[in-house]
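With chain S's structure known, arrange chain C on it following the hints.
Each chain is listed here by its residues.
Number of protein chains: 2
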Amino acid sequence: MESEEYPKQDFNTVNRYKHQATYDVETIHSTVNATPVLHVSFASPESPFPVVLPMIGQIGRYPGDESWSCYLHGYVSSRIMKLAFDSESEGMPICVAATKVDGYVLTLTPNSHNYNYRSAVLHGYAKIVDTDAEKLWAMELITNSVVPDRWANSRIPPDGAEMQSTRILKVKIMGASGKVREGVPNDERKDLKREDVLDSVWTGVLPIHESIDVPQPGPYNRVKTVPDHVAKFVKEANVKNKKYAMEAAHKPAPEKRKKKQED
Amino acid sequence: MESEEYPKQDFNTVNRYKHQATYDVETIHSTVNATPVLHVSFASPESPFPVVLPMIGQIGRYPGDESWSCYLHGYVSSRIMKLAFDSESEGMPICVAATKVDGYVLTLTPNSHNYNYRSAVLHGYAKIVDTDAEKLWAMELITNSVVPDRWANSRIPPDGAEMQSTRILKVKIMGASGKVREGVPNDERKDLKREDVLDSVWTGVLPIHESIDVPQPGPYNRVKTVPDHVAKFVKEANVKNKKYAMEAAHKPAPEKRKKKQED
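Here the protein sequences line up with chains S and C, keeping their order.
For the first sequence, the working numbering assigns the number 1 to the initial residue and increments by one for each residue that follows.
For the second sequence, the working numbering assigns the number 1 to the initial residue and increments by one for each residue that follows.
Don't read these hints as lab results, they were simulated from the structure.
As the structure is a computational prediction, the values presented were derived from the model and not from experiment.
Just so you know, not all the hints are guaranteed correct.
You can't tell identical chains apart in this list, so a pair holds if it fits in one copy or across any two.
As the list claims (entries may be wrong) - Within a straight-line C-alpha distance of at most 27 Å, the following computed DSS-like cross-link-like pairs (lysine-lysine) qualify:
1) Lys240 to Lys8
2) Lys243 to Lys232
3) Lys232 to Lys172
4) Lys242 to Lys190
5) Lys251 to Lys235
6) Lys224 to Lys8
7) Lys224 to Lys235
8) Lys135 to Lys190
9) Lys240 to Lys251
10) Lys240 to Lys135
11) Lys240 to Lys193
12) Lys251 to Lys193
13) Lys190 to Lys251
14) Lys224 to Lys190
15) Lys172 to Lys135
16) Lys172 to Lys127
Looking at chain S on its own, in the form it has when it is part of the complex (with noise of 0.2 Å):
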């Protein structure tokens, strides 16, 4: 049975801003599949900085697996193909982390001064995917992710060249945590007993989203109209994107209502 939260650890555990600490699961899965780009972070043997590459990934659970996984596929991929090629044992420790942002919050002071947005960190180990039929499941999983449906819709299966050329990271989660913040501005006492500063200063939430433009055809499309499964994404993920950052704007400031547990 899925664990609803994961288990806090040493290297997973958030020691500032507690109240907008969470472990919950789906929020850390939803934050890391609605982020178009993750940032996959390793140690390099080579280097005395660690490195960070952007990759696209998705959570997903392989059919017979026990837990579920991070699968990631990247652009810039040869060093840490190697790392993971290399390692003999449970794989190459990584970082993944995931961030939208939702509005920025204007407050009086630029001290309190704020985001609305969602992180997530994941932390384990990532191996290479050997077998084909997993990363033929993977490489569906990811593309789809990005647009559903988009693998049954373009040129499949991928052929010999295809497979041999693409490959895909299986993270094997050990532990993860995240952070939210929605609301409307907080601002401290101090402040708000100034009536100077609440007669100067504008106070107020500036919703962000990502949004959808109208799709551009390529110079080879030869197909007339948008087909359904691109026209419903993107009808879609703009009314889904908007609402959260507008409903998010709205909620009360979470610094009001749990920081007297925090302190």
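Structure of chain C alone, referenced to chain S:
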């Protein structure tokens, strides 16, 4: 004088899809500066996994400094701040990553699908800003990077307690690289020869951009009209974001333009 390109070094050289790589200072800085949340990665002595934190940041040059730095302000900062304080030498080695998605590029076959996007990665050493003058300068820089002129239009200056509780990281940039993909779809010759595929699969770009929705006044706002600095920002940001994504959707495909160089 400003160097126009970051030098290629072992840790920042892009090894795959080289035709999309850039070391151009302006492209890299503008990508970082246009990204509302940066992902900051560093090694943690207590964990096998790297840490990634979402932070707000901006590249700037403090008066008197010889080179550009990246200033970071973070909500979850106790760990990173502790590490940056402990370090007696040049600072804590970190990696700062920024990615903006400008469109989904839908092609004939899943393997050729792509994003229009801009990404940038900075490698450098982070230290805590330790003078009030530079801290104040960086706070203004970062606040105004979210909404231009917001600093002067809010209750300033920060008081003693606010200065005390705010910590800013300054990253000395040791190297950087970026990747940019813009343009129409591009498929392989084998698919462009297939009439059945061309006749059945829609190809094109779905332009994607951040939209800032109508400003939503908060519960204790008394300023009846949305002030100019906010209204102007919302309008200009929306026009600029949309324009970039739409133009990117119509440029020639980079794979086509530069494939020969790489082969």
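Okay, the hints, checked on the actual structure:
{"no.": "1", "hint": "Lys240 to Lys8", "result": "neither (31 Å within a copy, 42 Å between copies)"}
{"no.": "2", "hint": "Lys243 to Lys232", "result": "both (16 Å within a copy, 23 Å between copies)"}
{"no.": "3", "hint": "Lys232 to Lys172", "result": "neither (33 Å within a copy, 46 Å between copies)"}
{"no.": "4", "hint": "Lys242 to Lys190", "result": "neither (34 Å within a copy, 40 Å between copies)"}
{"no.": "5", "hint": "Lys251 to Lys235", "result": "both (25 Å within a copy, 25 Å between copies)"}
{"no.": "6", "hint": "Lys224 to Lys8", "result": "neither (53 Å within a copy, 45 Å between copies)"}
{"no.": "7", "hint": "Lys224 to Lys235", "result": "within (19 Å within a copy, 33 Å between copies)"}
{"no.": "8", "hint": "Lys135 to Lys190", "result": "between (57 Å within a copy, 22 Å between copies)"}
{"no.": "9", "hint": "Lys240 to Lys251", "result": "within (17 Å within a copy, 29 Å between copies)"}
{"no.": "10", "hint": "Lys240 to Lys135", "result": "neither (30 Å within a copy, 39 Å between copies)"}
{"no.": "11", "hint": "Lys240 to Lys193", "result": "neither (38 Å within a copy, 38 Å between copies)"}
{"no.": "12", "hint": "Lys251 to Lys193", "result": "within (23 Å within a copy, 54 Å between copies)"}
{"no.": "13", "hint": "Lys190 to Lys251", "result": "within (23 Å within a copy, 53 Å between copies)"}
{"no.": "14", "hint": "Lys224 to Lys190", "result": "between (61 Å within a copy, 22 Å between copies)"}
{"no.": "15", "hint": "Lys172 to Lys135", "result": "within (15 Å within a copy, 41 Å between copies)"}
{"no.": "16", "hint": "Lys172 to Lys127", "result": "within (8 Å within a copy, 33 Å between copies)"}
The structure is inconsistent with the numbered hints 1, 3, 4, 6, 10, 11, although it conforms to all the rest.
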